[in-house]
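Number of protein chains: 4
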Amino acid sequence: METNRLEAFSDGVFAIAITLLILDIKVPPAANLGNELLQLWPSYLAYAISFVVIGAIWINHHAMFDWIDCVDQKLLLLNTLHLMFIAFLPFPTAVLAEALHSGFNQSTAAALYSGTLTVIGVFVTVMWSYASKHPELLNKSITPDRAKMIGRRFLIGPFGYALATILAFVDPWISIALFVVLNAYFLWPRNQGIGPA
Amino acid sequence: METNRLEAFSDGVFAIAITLLILDIKVPPAANLGNELLQLWPSYLAYAISFVVIGAIWINHHAMFDWIDCVDQKLLLLNTLHLMFIAFLPFPTAVLAEALHSGFNQSTAAALYSGTLTVIGVFVTVMWSYASKHPELLNKSITPDRAKMIGRRFLIGPFGYALATILAFVDPWISIALFVVLNAYFLWPRNQGIGPA
Amino acid sequence: METNRLEAFSDGVFAIAITLLILDIKVPPAANLGNELLQLWPSYLAYAISFVVIGAIWINHHAMFDWIDCVDQKLLLLNTLHLMFIAFLPFPTAVLAEALHSGFNQSTAAALYSGTLTVIGVFVTVMWSYASKHPELLNKSITPDRAKMIGRRFLIGPFGYALATILAFVDPWISIALFVVLNAYFLWPRNQGIGPA
Amino acid sequence: METNRLEAFSDGVFAIAITLLILDIKVPPAANLGNELLQLWPSYLAYAISFVVIGAIWINHHAMFDWIDCVDQKLLLLNTLHLMFIAFLPFPTAVLAEALHSGFNQSTAAALYSGTLTVIGVFVTVMWSYASKHPELLNKSITPDRAKMIGRRFLIGPFGYALATILAFVDPWISIALFVVLNAYFLWPRNQGIGPA
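Residue numbers (our numbering), protein chains in the order written: chain G, 43 to 239; chain D, 43 to 239; chain W, 43 to 239; chain X, 43 to 239.
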């Protein structure tokens, strides 16, 4: 399969997952609306974090497939499983918003969220590691050294998110702060092109 | 990143956000259906306004990216944040419909709606202003003077919507009338091609 | 704007509207599931009709834009309003399913459904009539005579659906039967290529 | 109609159906969240199975349309009906999750699920059988013998799923195990390229 077909399908899943996030913000009763809208802040926060997170993963996915010229069955399978966790994100997002709203079990909710991101990061690493062991799939411009360097940068994602998962049980806000910082780092404009996620 | 990739992803978000609007119109009980359907007029009105608004922003987004040939990391980041507010629109749409239906807090709902549009308009202006300061990103056919003129037209959106936000507290219907007029103006067929939004 | 951009965006709206239809079929309680599943037949019927209707309109939309080479602002505006009613279809579909299920107000529900299709058909006719009066927008291969002939075939849609709207008040099932027949006719394979809708 | 148009529309339906699956996993109350999240395992299982199933059908759909160069009206009609059952899958998925959760009527739910997959498999077979009887639609590289061989492999899907439908009444878990095994087989990387579904 050509990579542009796979990319188009993946883009569709990214675009739909990112746009479905809004369905988790329920319309409050119109009586006392101003106050009700303010109390929805956990929903807005969770929406904004997930939108930026999915946006960063999308940018990263493209960067990776700019370096990959061919897709074989194994990479196709890995990518499908990768998308399965991306399309899953609206669920931990809604769970996190609900926990922040009610004040209960915020650690569990933050751990579910960062755990899902950890799995996504692991798939990114596994996909790249598979592709870099099969140079016939890679773009000719990628030397083995460059592939290794890219692979090391991709590791920041799963390790950072795994740390956030553990820290969620210390304090959910430390965990949330960590993935905000990680994504700010991933998205921060720099010359080299991409950040790992 | 090439602009057509960014445009395809953005188009996906636009198309999904515009089509999700219908999910906010809930099926009324079948008993006394004719009357129930008529009483849903605020939902139809909010649906129609948001559909046309998102349609106008989409047309405008294309016009802008016809003049932009390359996208750097900063523009990519700005566009992602821009999309975050476009995908957010189904929420203020539903809040507005609910407020018009119940008769409560219509000013707050209209202000939330036009406030969201103001933020969208600000991002359009910031994106264009960034692009026009980096001529290497622009299409060769755009002279500095033309870029400035386009930038001035893009200002109509955020200023018009900011005015609608303030007027919402005078009378929500004046605010609604203002963004209907603004969008009629943006979409009105004319020779020059696009209207700012 | 090039037509392929407009077609891609329209395709997105068609694909999303057609896939959202399933959200209207609610999961019944698992106790006594077999029976509950059978009683959902109005939902399945409404789903199948709307899926085929949107599919037929999509095929037709493509046929029309194969004959149109350029899009001006007025056609863009007409197409956006056209899409507004297509994206609206999940609502009358759900209303029809609910009315068939409860047995109340089936005529009103069938009239709402066929009324929406009538409006869609009117937009198809207006778009084609506009394009055929502007030969600079049309493909060179379309002679004025051919354009007129196509226009006459496009009239079957709005007239057929308008008749279905009126007949809904005689008997909702006659109305439903009529738009099933109309769509079978539109989709029926034949040499000439397209059926009007 | 060119196949790439049909493929792009079909891809849209696949991408949306696969991403809508997450909407069926409802956010549990935040009190006692850890336990509640664990009890949602039937929803996670149903989500994962359907994601992989739709992914496998998508890969398969592409493989088929790589061998088909032209689409006529009949194939277009068959493909639309095929998509109707793919877009239907979120419903049996949710019914299955609900039945596994409540413990009631698991056989009925598993039969509805595998029955839907059987219908999808029948459409795949019918589409290929139609195409292989019209060599003018096929890619020149496909000899009649190759077409027959592919057709035989496509039969594994409907027969396997029909068996799973019958076995659902013996034990729902045997049925579920069967379609997990079938999809593992379809997706398993091998040299020949595709597995039938």
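Heads up, a few of these hints could be off.
Where chains are identical, the list cannot tell them apart; a pair therefore holds if satisfied intra-copy or between any two copies.
Derived BS3-like pairs (lysine-lysine); straight-line CA-CA distance at most 30 Å [stated by the list, open to error]:
id	residue 1	residue 2
1	K68	K175
2	K116	K175
3	K68	K182
4	K175	K190
5	K190	K68
Hint data in this document are derived by calculation from the structure and do not stem from the laboratory.
Going down the list of hints, with the structure as the test:
Proximity of K68 and K175 under a CA criterion of 30 Å is satisfied in neither setting, with 47 Å inside one chain copy and 40 Å between copies. Proximity of K116 to K175 under the C-alpha cut-off of 30 Å is restricted to the intra-copy arrangement: shortest distance 12 Å within a copy versus 33 Å between copies. Neither within a single protomer nor between protomers do K68 and K182 lie at most 30 Å apart by alpha-carbon distance, with minima of 49 Å and 46 Å respectively. Taking the shortest alpha-carbon separations for K175 and K190, only the intra-copy value of 10 Å comes in at or below 30 Å, while the best inter-copy value is 36 Å.
Taking CA atoms no more than 30 Å apart as the test, K190 paired with K68 passes in neither setting, with 45 Å inside one copy and 41 Å between copies.
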